[in-house]
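Heads up: the sequence lines are chains Z and Y, in that order.
Mapping of the first sequence onto numbering that gives the first Met the number 0: residues 0 to 171, in sequence order.
Mapping of the second sequence onto numbering that gives the first Met the number 0: residues 0 to 178, in sequence order.
Hints are supplied without guarantee of correctness; some may be wrong.
[To be verified] Here are the simulated distance ranges between beta carbons:
| no. | chain 1 | residue 1 | chain 2 | residue 2 | range |
| --- | --- | --- | --- | --- | --- |
| 1 | Z | ASN82 | Y | LYS176 | 52 to 58 Å |
| 2 | Y | LYS30 | Z | LYS44 | 45 to 51 Å |
| 3 | Y | LEU113 | Z | ALA61 | 54 to 60 Å |
| 4 | Y | LYS30 | Z | ILE124 | 47 to 53 Å |
| 5 | Z | LYS44 | Y | ASP82 | 22 to 28 Å |
| 6 | Y | ALA86 | Z | LEU109 | 28 to 34 Å |
| 7 | Z | ASP80 | Y | ASN175 | 42 to 48 Å |
| 8 | Y | LEU113 | Z | ASP58 | 33 to 39 Å |
| 9 | Y | GLY15 | Z | LYS129 | 24 to 30 Å |
[To be verified] If you want the footprint, here are the derived chain Z segments under chain Y, 3+ residues with CB under 8 Å:
| no. | stretch |
| --- | --- |
| 10 | 3 to 14 |
| 11 | 86 to 96 |
| 12 | 122 to 132 |
[Said to hold, decoys possible] Each computed EDC-like pair below joins lysine to aspartate or glutamate, with the alpha-carbon atoms no more than 20 Å apart:
| no. | chain 1 | residue 1 | chain 2 | residue 2 |
| --- | --- | --- | --- | --- |
| 13 | Y | LYS172 | Z | ASP26 |
| 14 | Z | LYS50 | Y | ASP27 |
| 15 | Y | LYS100 | Z | ASP94 |
| 16 | Y | LYS127 | Z | GLU152 |
| 17 | Y | LYS30 | Z | GLU76 |
| 18 | Y | LYS30 | Z | ASP94 |
| 19 | Z | LYS79 | Z | GLU34 |
| 20 | Y | LYS127 | Z | GLU34 |
| 21 | Z | LYS99 | Z | GLU157 |
| 22 | Y | LYS108 | Z | ASP80 |
| 23 | Z | LYS99 | Y | GLU32 |
| 24 | Y | LYS100 | Y | ASP131 |
| 25 | Y | LYS30 | Z | ASP55 |
| 26 | Z | LYS31 | Z | ASP90 |
| 27 | Y | LYS111 | Z | ASP94 |
| 28 | Z | LYS79 | Y | ASP131 |
| 29 | Y | LYS26 | Z | ASP94 |
| 30 | Z | LYS50 | Z | ASP66 |
| 31 | Y | LYS30 | Z | GLU83 |
| 32 | Y | LYS112 | Z | ASP86 |
| 33 | Y | LYS127 | Z | GLU70 |
| 34 | Y | LYS111 | Y | ASP131 |
| 35 | Y | LYS100 | Z | GLU152 |
| 36 | Z | LYS50 | Y | GLU32 |
| 37 | Z | LYS50 | Y | ASP131 |
| 38 | Z | LYS4 | Z | ASP80 |
| 39 | Z | LYS101 | Y | GLU32 |
No lab work stands behind these hints: they were computed from the structure.
Treat the numbers as computed from the prediction; the structure is a model and nothing was measured.
Backbone N, C-alpha and C define an ideal beta-carbon position, used for all residues, glycine too.
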Amino acid sequence: MMNIKFWLLINLLLLVLTPFKAYANIDLYTFKSEENRQAYLELTKELRCPKCQNQDIADSNAPIATDMRREVHRLLEEGKDRNEIIDFMIDRFGDFVTYKPKVNSATFLLWFGPWILVLLGLISILIFVKHRSSKKESIHIQDIPDDTSSSSEHKKVEKLLSSYTNDKENDA
Amino acid sequence: MSKRWIYITPLLLTVGLGFILFTAIGKDPTKLETARLNEPMPAFELPELINAERLITERELTGDVILLNVWATWCPSCRAEHDYLVALANKGVPIIGLNYKDERPEAIKWLKKLGNPYRFNIFDPLGKLGFDLGVYGAPETYVIDQFGYIRYRHVGVVNEKLWLNTLEPLLLKLQNKKS
């Protein structure tokens, strides 16, 4: 009985303590305004850590990410806007540093490649379908016997037909 | 005729995509582009490592084609390349150090013990110049031409292969440039 109570107490203690573990990576920055604080939170999620490549700088504990957060904070408090700060980082670390790279000759394919492929696909489907239906139409037209003209083909067919009926008569 | 193209196009696209993906095999994704390539050295004013009174600015990196080596005592790969840097310096290659996010006494001790391949060292304990250069880890080695422009950047250890294949030819080429 004593044992169960002891374990319950330990579990309760662990439960109480867990929330404090989750906040390991919060820098203590103060901001001039609520907008700056909001911009800081957004920017640190949009900038990518160059060292640990699949983390944003808000999420990373790498020294370079700490430096970048510090710079983002400093620039915001100096009154720089979002785009200026992103350009500042791109100047130093390249297009890689943002999760939404700017459109330029190097990133053009990245941004528009998928759309170009979709467009190509649609165009080929259109061509394919049109090609098929126009072919059907042409077959259809040929199927209708041309009664008004006495073409050589028409004559041929009549000849064949008559020979066929003649053969049948002969067989009988 | 156009019908044939309809069947060939997906094949071409697949082969093209395959080719693009194939060229990416073996590429090291941790090596990033050099945003500062062919730009002048960013402006800075930082003390020298051993002689703390001496202030160094970007103007002191002009005149010769030099190697700028980013190093720190906390960086194991810097230890790995150090002996080769000493050997290069003994051959007369001008190397300037950027002591990055380090502690002064530790760094001086390191140079005394392992030899000093550097003409001088820029002491950058907060990594300010490092940040402006886009340094995201040490060691890194830059080639700066005689006019103070960044012409090459290598992330990682400098060794004989890199020197013979890349750095030496580039240095020779840059030294012969006049404007």
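Here is how each hint holds up against the structure:
1. ASN82(Z) to LYS176(Y): 52 to 58 Å: Violated, since ASN82(Z) and LYS176(Y) (Cβ atoms, about 36 Å apart) do not stay within the stated range.
2. LYS30(Y) to LYS44(Z): 45 to 51 Å: At roughly 25 Å between Cβ atoms, LYS44(Z) and LYS30(Y) fall outside 45 to 51 Å, so the hint is violated.
3. LEU113(Y) to ALA61(Z): 54 to 60 Å: 27 Å, violated
4. LYS30(Y) to ILE124(Z): 47 to 53 Å: Cβ of LYS30(Y) to Cβ of ILE124(Z): about 41 Å, so the range 47 to 53 Å is violated.
5. LYS44(Z) to ASP82(Y): 22 to 28 Å: 43 Å, violated
6. ALA86(Y) to LEU109(Z): 28 to 34 Å: The hint (28 to 34 Å, Cβ to Cβ) is violated, given that ALA86(Y) and LEU109(Z) are roughly 42 Å apart.
7. ASP80(Z) to ASN175(Y): 42 to 48 Å: 45 Å, holds
8. LEU113(Y) to ASP58(Z): 33 to 39 Å: 37 Å, holds
9. GLY15(Y) to LYS129(Z): 24 to 30 Å: 25 Å, holds
10. 3 to 14: violated (count 0)
11. 86 to 96: n = 7 at 8 Å, threshold three: holds.
12. 122 to 132: Our answer is that it holds, as 4 residues pass the Cβ test (under 8 Å) against chain Y, meeting three.
13. LYS172(Y) to ASP26(Z): 47 Å, violated
14. LYS50(Z) to ASP27(Y): 13 Å, holds
15. LYS100(Y) to ASP94(Z): 25 Å, violated
16. LYS127(Y) to GLU152(Z): 91 Å, violated
17. LYS30(Y) to GLU76(Z): 32 Å, violated
18. LYS30(Y) to ASP94(Z): 13 Å, holds
19. LYS79(Z) to GLU34(Z): Holds - the C-alpha atoms of GLU34(Z) and LYS79(Z) are around 12 Å apart, at most 20 Å.
20. LYS127(Y) to GLU34(Z): 27 Å, violated
21. LYS99(Z) to GLU157(Z): 74 Å, violated
22. LYS108(Y) to ASP80(Z): 44 Å, violated
23. LYS99(Z) to GLU32(Y): Holds - the C-alpha atoms of GLU32(Y) and LYS99(Z) are around 16 Å apart, at most 20 Å.
24. LYS100(Y) to ASP131(Y): It holds: about 14 Å lies between the C-alpha atoms, which stays within 20 Å.
25. LYS30(Y) to ASP55(Z): It holds: about 17 Å lies between the C-alpha atoms, which stays within 20 Å.
26. LYS31(Z) to ASP90(Z): Judged against 20 Å, a Cα distance of about 26 Å means the pair is violated.
27. LYS111(Y) to ASP94(Z): 40 Å, violated
28. LYS79(Z) to ASP131(Y): 17 Å, holds
29. LYS26(Y) to ASP94(Z): 18 Å, holds
30. LYS50(Z) to ASP66(Z): 12 Å, holds
31. LYS30(Y) to GLU83(Z): 25 Å, violated
32. LYS112(Y) to ASP86(Z): With Cα atoms ~42 Å apart, LYS112(Y) and ASP86(Z) exceed 20 Å; violated.
33. LYS127(Y) to GLU70(Z): 10 Å, holds
34. LYS111(Y) to ASP131(Y): Distance of about 29 Å is beyond 20 Å: violated.
35. LYS100(Y) to GLU152(Z): The hint is violated at about 94 Å.
36. LYS50(Z) to GLU32(Y): 13 Å, holds
37. LYS50(Z) to ASP131(Y): 16 Å, holds
38. LYS4(Z) to ASP80(Z): Violated, because 57 Å separates the two Cα atoms, which is more than 20 Å.
39. LYS101(Z) to GLU32(Y): 15 Å, holds
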